[in-house]
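Colleague: Given only the sequences and the hints, what does the whole structure look like? Please build it.
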Amino acid sequence: EPEVTQTPSHQVTQMGQEVILRCVPISNHLYFYWYRQILGQKVEFLVSFYNNEISEKSEIFDDQFSVERPDGSNFTLKIRSTKLEDSAMYFCASSERYEQYFGPGTRLTVT
Amino acid sequence: AQKITQTQPGMFVQEKEAVTLDCTYDTSDQSYGLFWYKQPSSGEMIFLIYQGSYDEQNATEGRYSLNFQKARKSANLVISASQLGDSAMYFCAMTSYNQGGKLIFGQGTELSVKP
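Line by line, the protein sequences give chains D and B. The first sequence begins at 1 in this note's numbering and counts up by one. The second sequence begins at 1 in this note's numbering and counts up by one.
Honestly, the hints are just simulated from the structure, not real lab data. We put the beta carbon where it would ideally sit given N, CA and C, even for glycine. There's no promise every hint is true.
[Unchecked claim] To spell it out: a stretch of chain D is covered by chain B in this simulated footprint if at least three of its residues, at any positions, have a beta carbon under 8 Å from a beta carbon of chain B; those stretches are:
1) 14-20
2) 29-35
3) 100-111
[As the list claims (entries may be wrong)] Quick list of in silico lysine-lysine cross-link-like pairs, DSS-like style, CA-CA up to 27 Å:
4) B/Lys70 with D/Lys42
5) B/Lys3 with D/Lys42
6) B/Lys3 with D/Lys57
7) D/Lys83 with D/Lys42
8) D/Lys57 with D/Lys83
9) D/Lys42 with B/Lys114
10) B/Lys70 with B/Lys3
11) B/Lys16 with B/Lys114
12) B/Lys73 with D/Lys42
[Unchecked claim] On the chain D side, residues computed to face chain B include the following (Cβ under 7 Å):
13) Val43
14) Phe45
15) Ser48
16) Ser55
17) Glu56
18) Lys57
Modeller: This is how it looks when you write it as structure tokens:
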């Protein structure tokens, strides 16, 4: 059964460093999303991506964040200068129509 | 603005019994979808079930069913014949199809299944 994959599973970085989180969505899906979940809290929407452009972004998704689909399979989230409060689980999701399927997540720890 | 409310932070159920997890939502949109996801302790988000606002029948997927009451704006998840592996956090979520498909999540309910 096709699934969304994410790498790395865990990333530790120092404050101020850039990180790139990678996702491979399900191959025939057209809509892509990033969400984050701070430990013990609910899942929060960051950004949605369709037809090679951002379709919607949340207030969390400020200028420090960017997304890219560099080729036909990968979908990346870049955080330019990480802050302590960026520590969270980051989930990529994709959908063909309504149901969004999530990847296993990347746990980002900023020290 | 859309909002999801899950009022049960934690629930216990005996193995093999049924359990209902509550979810109420608020939206002014007519076209929307409701979802339930399971998050085990390992952290992944597992899609369980989907209900569209125009669907007249309640959605079912195996042991999961969604009790959709549109007038009351509720979308409760019913798990029948609970198993130990059902112990997890359960999140209710919604999306408005007028707003690009982003999911808005509730705070979650932690379900513990007792042997």
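Colleague: Please go over all the hints and tell whether each is borne out by the structure.
Modeller: Hints and how they fare:
{"no.": "1", "hint": "14-20", "result": "violated (count 0)"}
{"no.": "2", "hint": "29-35", "result": "holds (count 3)"}
{"no.": "3", "hint": "100-111", "result": "holds (count 7)"}
{"no.": "4", "hint": "B/Lys70 with D/Lys42", "result": "24 Å, holds"}
{"no.": "5", "hint": "B/Lys3 with D/Lys42", "result": "12 Å, holds"}
{"no.": "6", "hint": "B/Lys3 with D/Lys57", "result": "17 Å, holds"}
{"no.": "7", "hint": "D/Lys83 with D/Lys42", "result": "20 Å, holds"}
{"no.": "8", "hint": "D/Lys57 with D/Lys83", "result": "19 Å, holds"}
{"no.": "9", "hint": "D/Lys42 with B/Lys114", "result": "25 Å, holds"}
{"no.": "10", "hint": "B/Lys70 with B/Lys3", "result": "15 Å, holds"}
{"no.": "11", "hint": "B/Lys16 with B/Lys114", "result": "9 Å, holds"}
{"no.": "12", "hint": "B/Lys73 with D/Lys42", "result": "20 Å, holds"}
{"no.": "13", "hint": "Val43", "result": "4 Å, holds"}
{"no.": "14", "hint": "Phe45", "result": "4 Å, holds"}
{"no.": "15", "hint": "Ser48", "result": "5 Å, holds"}
{"no.": "16", "hint": "Ser55", "result": "5 Å, holds"}
{"no.": "17", "hint": "Glu56", "result": "4 Å, holds"}
{"no.": "18", "hint": "Lys57", "result": "9 Å, violated"}
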